[in-house]
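Relying on the hints, combine the two individually framed chains into one complex.
Heads up: the protein sequence lines correspond to chains A and B, in order.
Using our numbering, the first residue of the first sequence is number 1, and each one after it goes up by one.
Using our numbering, the first residue of the second sequence is number 1, and each one after it goes up by one.
In short, the hints are calculated from the structure, not lab data.
Owing to the predicted nature of the structure, the values given are computational and were not obtained by experimental measurement.
Listed next, the stretches of chain B that the computed footprint assigns to chain A, with coverage defined by at least 3 CB atoms under 8 Å from CB atoms of chain A: (1) 222-236; (2) 282-296; (3) 312-322.
Note that the Cβ used here is the ideal one computed from N, Cα and C, for glycine as well.
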Amino acid sequence: MIPDDRLYTAQHEWLKVEDGEAVLGITDFAQQELGDVVFVELPAPGQEFAAGSEIGAIESVKAVAEIYTPVAGSVETVNEGLEDAPELVNEDPYGGGWLVRLRLDDEGPRDDLMTAADYEAQLAG
Amino acid sequence: MQRTVLYRRHVESGARFGPFAGYEMPIQYEGVLAEHRAVRERAGMFDVSHMGEIRVRGPRALPLLQRLTPNDVGALHPFRAQYSALLTERGTFIDDLLVYCLGPEDYLLVVNAASRARDLELLEAAAAALGQGVRVDDQSDETALIAVQGPRAAEIVADVVGGEAAELRYYSFLHQDGEERMVSRTGYTGEDGFEIYTAADRAEDLWAEFLERGSDAGLMPAGLGARDTLRLEAGMMLCGQDIDEETTPIEAGLSWIVKWKKGDFTGRDALVRQRENGCRHRLVGFEVEGRGIARHGHRLTVRDAPGCAGPVTSGAFAPTLGKAIGIARLDCAGGGPPEPGSAATVTVRGREIDCRIVRLPFYRRPKRGV
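Looking at chain B on its own, in the form it has when it is part of the complex (with noise of 0.2 Å):
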């Protein structure tokens, strides 16, 4: 099993550790529900060093992505980001990812750990395919990543590492130390926030600041465990738990990463044929209605078209909500897939609890004036 190099940084918190992708990870600190309300109502700060980086440099980086994901990485402008995604053939996916643009010929994508080899085995294998011209480089083990997440993020970002950082839009970053360290405004928590890339051998001293200078503010650390519910109140997708090599992005609500005016791209065929005769499968989110909470396998049934089920994907109790929620990947063969607010049913331990499908996320932060 993995550490990161904050692993140290977390005993001395007190944190309760758990096997993630490989790697021995902060599940939770306070609690999850603790941390979940920080992250919601000041901040919360998360180690995902586990998370690959891979560089993608050269004259003909811009081509190769632009192939292997279906997201428009022309579009994209130097320190400005994009969510996109690692497709197979058949449309569906291999990881989804971030693409930063470092510059016109120069890429960082930010992989998930369980990904990360087969990601780098398939951009190498399409850089040597293009013979010059590209080079790939795994830089995960000297990148730290900590993420600072909640209303209060900015304030405290501007106060450890400068006010320029608080003056990012959603989805843009810039360097400091040369390129030792990057700040972008991005996260997976559904709150405004940032994530850290830093120099690994760096990264101690800067979770030691945040804690310290955040602290006022009511920064506190968070695990996994947050970081899941989190996602989850945010309809945001868990790859290898919500979207796997059995769901295209059209399935998973996702079609707006998929540019299909941008030339070809690895999936693009499939993804064609499905947007044409529609799919049978559909990720939707349902609230749980009845006293129980579904759970990742549990059964999820429409209630008015019994032949519209599926296994529950990701399903927790969202803190915020103060009920249960879920993702379930359902099939809805011949049918269209269940209109927000149907009835549905769920099993659990052989018992039926009411639900009913709602359109996602189930979270949505409200409009904070500047």
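One chain only, chain A, in its complex shape (with noise of 0.2 Å):
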């Protein structure tokens, strides 16, 4: 259900940490909670970010919801497909709906970060 392959934040973001980069993306219950997303507003690529601060926005038909980054970074790549199929992020949160892929600051992701069971007991609190 909940893959225990990365880590999650408690405003229901997952983070996939590898080889100093880490892609960032909203978990199926931020997806299902915002409703049908039609428009992903992404940052630039080089484009450098603290942790903690707001990198972009999803737009559902009814809300928005910010993109935070957990962690300290650069902005490698964005998910572009989003551009043409924000729905991927409905259809997909944990695989084609990825958000972004950044370049990790020394000091790597911070230790508040849940793991999958920590999450999903989150979830199920």
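Below, the structure written as structure tokens:
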């Protein structure tokens, strides 16, 4: 259900860290809460962000949710497929609906990120 | 938080709920896009039982309503309905409403849930001031309201409540089972459709019957999410959001509900002044041309008239049009409202996005052969 190959935030984002890079997306719970996604605003490659800063936004028909990065880094690439197919965030939030790939600053992920089991417990609680 | 009598039915259909005007209402079932499309292409069914129904009866009902609403209730015949409003002395909206004429001395006002208490208070005070001759009853709690909307609504309604309903003209209605049920050809989606007022204790069965018998025609339950995108595409105002106590019918492009020759009514003097001197504020429609979605509270500025600007009152992605649209309340001090086609910008999260002023409505239903 909730992939255990990545970390989670209390704001229902996931982060998959590998080789000094991190891919960021939102969870299945988050996409269900948002409803039909119709537009995703993503940062430009090369932009640098501090941990906790807002890097973009996901717009559903009814609501908007800001995207925050839980880690410091610079944008390597963004998911350009979302421009024509924002619904990928709904259909495949843990795969094709990824948002951005960040090159991590040296300090790496903050230690307040959750494992899949912890995140599942938060959802259940 | 209150619930409508159809709450259990919504849970069965997998609704996601949200608060609206003190009620826990279904926001969506399958999804806003699917429900919106169903109403435009086939049919959708909404529970709008949160709406208020206030009955005004008696020999002095007509003069009372003529005095309190800007439209001409005197022009209304039995079994016809009329869009109107309750206004302040400043000519601004307390509420927008439908007036149903049940008989020469018998009217039903259908009002918004959020303003129901205030409307009732106002009507009761006006009735008391008249002394005898008019009685005001709040029938909201014993009345449920189901809206069936879409190009296939007529055949579904004919199947469930009888063919006579499908013969109704726009803004007409009929009674069934005495007064237990009232079927009206009205709606808030921009499609053909019906609103069915029923005794609250019979609503669950009626809802289930529509779901069962309408499914072949593609009927699906639709929530307030789709209702909002549908009404916005159709250029219909949402009271408390687009129109409120700071907005007059003239500013909202609803001058047609103001009947100048019918005699005096609350707010008339202020509206006459506005008609003669022009108005500073205007509600305008706009389309977003750049990438992004304007939302309630964002600021729209007309490009060639930077002094002409104001907040977006409704903004959403329009599923039928495939682009973002909105209504903004512009302050055009000195100048008139911007011409349709004028370039504008809206500021979204610090970014300026190109927009264009357009005439309302955004969407008009295609004429279909009978």
